[in-house]
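Those sequence lines, one after another, are chains A and B. With numbering that gives the first Met the number 0 as the guide, the letters of the first sequence map in order to residues 0 to 290. With numbering that gives the first Met the number 0 as the guide, the letters of the second sequence map in order to residues 0 to 382.
No lab work stands behind these hints: they were computed from the structure. Each residue gets a CB set at the ideal place from its N, CA and C atoms; glycine is no exception. Incorrect hints may appear among the rest.
[As the list claims (entries may be wrong)] Calculated pairs, DSSO-like style, for lysine-lysine (alpha carbon to alpha carbon, straight line, at most 30 Å): (1) B/283 - A/193; (2) B/225 - A/193; (3) B/283 - A/82; (4) A/190 - B/47; (5) A/36 - B/47; (6) A/193 - A/36; (7) A/193 - A/285; (8) B/45 - A/82.
[Claimed, not checked] Interface residues of chain A toward chain B, partial, derived using beta-carbon atoms under 7 Å: (9) 35; (10) 58; (11) 59; (12) 69; (13) 72; (14) 80; (15) 110.
One-letter residues, chain by chain:
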Amino acid sequence: MVIEQTEKEYMRSGHMGCPGCGVASTMRLVLKVLGEKTIVVIIPSCAAVISAAYPNSVMDVPSFHSALEIAAPTAAGIANALKIRGEEDTTVLAFAGDGGTFDIGLQSLSAAAARNDNFIYVCLDNEAYMNTGIQSSSATPENAWTMTTPAGRQGRKKQFMQIIAAHRIPYAATAAMGYPLDLMEKVKKAKSIKGTKFIHTLAPCPTGWKMPEDLTARSTMLAVETKLFPLYEIIDGTQYRITHESQGLPVEEYLKIQGRYRQLNEEQIRKMQREVDENWEQLEGKIKVCM
Amino acid sequence: MKELLTGNYAVAEAVRLARVQLVAAYPITPQTPIYEKLSEMEMEGKLKGIMMRMESEHSAMAAVVAASLTGVRTFTATASQGIALMHEMLHFASGNRVPVVMCNVNRVIAIPWAFGSDQSDSLSQRDTGWLQFYCEDAQEACDTVIQAYRIAEQILLPIMVCIDGFFTSHFLEPIEIPDQASVDAFLPSFSLPTRFDIHNPAYIANVINADQYMQYRQRTFEDMEKARPVIKEVDREYREIIGRGYDMIETVNTDDAEIVLVTSGAMTSTARMAIQSLRDKGYKAGLLKMKAFRPFPTQEVQEALKDVPRVAVLDRNISIGKEGIWCQELKAALYPLERRPLVTGYIAGICGSDVSPEMIENMVTDALNRKESVELPVWVRRS
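Construct all of the structure, not just a fragment, from the sequences and the given hints.
Next up, the structure:
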């Protein structure tokens, strides 16, 4: 399979992420699709570290490092100003981590989505506050080890796509770097639509997930093929469509390659499998309703 | 022609006349009528551009900073808890060197919950890198907002124009609204370049090292200093074109004064009456009205008070653990003088509580009789 792509990279070499960083690879793929006419908003996160310190930058498009809780209103402000200036062919893109999206940035993202402000929001979900050194966020899965949940997180991962769908924005999708074509197609689609677009990407952190750095892409493939992180899109908050048929591998296949799940016992693994199955059934139900 | 308007509406008229392109706001008492009036103007087509109806003041400031970086003229307004919530973003605005103009309608900050006028909300944002101007009445508020765009866009720092909640914001006053042609002549079309150039991409607000950070702060400090002549020049031009002007300070009868009362904001009007009454009674009393808070008009204050033996400072705010904020700033400004006046601080009108001309007269005569300085402020409440 050949990935259709532009020759030019809009994220250049020399990023400051860790080896095998899923966030950096995802950023690169997204920017490759959006191309030259893009303004990027970054907030304090690994994405900010990756984009390098002054006077260097890996970003080859205008970028702005905004504050943690305001990726969305910052992007909205730029988008509206571009409209005033008659430069609406430029895409405004916000990169935020799971903390900046699921937690501190939720109210401002929700309001921007409710206004349907015109930008693409890409959540780079590595399932913890990795930039500050692996602390739990509300995107951290149940039982996952972090520095602030040394016995494994109590409480389940926030079902963020359901929250986003409830805003009925024109386009929302999940994506993972292990499926670059799927991810890039979704970014391309988002670019063609006016209003708020949200893409939830699973962007693994080998450091925080305690796994070898060459397993980043593979871990997302296992997340997708076990149906733990299904790939789908939601149009107008109501029409669901699966974009990749998962194989339905046992969830243990995904868990066992990561040190953050090392303390799990069999009962906990069975419970996680049950939850994955339930979530999948719910998603399937939505798809059937839409068809 | 004069129109009967509230201060809030006068501010909205100024925003319209300044041809602001993007407004992002969130309602809060007593600022809300500014937001409402601007919405009405938008509906009537009098206010061009885009109005963003935000979900918080924090996001409102985020949006105007981002839009300003993209090269459009922006406005927001807030008060009280709203400016407190904005605090982080106020640093962001000055740090990003954007010429955002904001009206703050002074109101107390909780706790306890209350709604009256009090300058603690904006004065406690002293160190955020914003220029701050305090207006005596609605006319001055209207003129100052228009002037603020010229100053902000020239020095690339944000400006806060403050008016007293419920007094200036809600009282009806006869206001001379400048005509559009005059304002256009004073404030020509905006040409701030966008900081997002897709042909020449740059990374704004990147991470820098300690030396670079310090250098940046020094540069910002020096640019605020450069605002002083700009403020004067802009005021001179405004006088020339529109016919009114306001300096960084205003003095009344200070030349031969044995005592000068220092005020800011709406209480200045009451103080004018009190000072006149004291003059009528034979007291050599003068008035110093403070308009600029940042940059602080140190030289102007020194010049006005260098031969004055006694000074009374009237503060509608309190810095718990010290004294009124204007009083602190004034004392610091006067310290280099060889013959320093005896300064007494008075706290009055907190939360918009009544400050009558008689109360002000009593303050002045109290200060006149003092032989030595007191460390703590004198609280003045209607008994």
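Going down the list of hints, with the structure as the test:
{"no.": "1", "hint": "B/283 - A/193", "in the structure": "68 Å, violated"}
{"no.": "2", "hint": "B/225 - A/193", "in the structure": "43 Å, violated"}
{"no.": "3", "hint": "B/283 - A/82", "in the structure": "59 Å, violated"}
{"no.": "4", "hint": "A/190 - B/47", "in the structure": "27 Å, holds"}
{"no.": "5", "hint": "A/36 - B/47", "in the structure": "26 Å, holds"}
{"no.": "6", "hint": "A/193 - A/36", "in the structure": "15 Å, holds"}
{"no.": "7", "hint": "A/193 - A/285", "in the structure": "24 Å, holds"}
{"no.": "8", "hint": "B/45 - A/82", "in the structure": "19 Å, holds"}
{"no.": "9", "hint": "35", "in the structure": "6 Å, holds"}
{"no.": "10", "hint": "58", "in the structure": "6 Å, holds"}
{"no.": "11", "hint": "59", "in the structure": "6 Å, holds"}
{"no.": "12", "hint": "69", "in the structure": "4 Å, holds"}
{"no.": "13", "hint": "72", "in the structure": "4 Å, holds"}
{"no.": "14", "hint": "80", "in the structure": "3 Å, holds"}
{"no.": "15", "hint": "110", "in the structure": "3 Å, holds"}
Violation of the numbered hints given earlier is confined to hints 1, 2 and 3; the remaining hints are satisfied by the structure.
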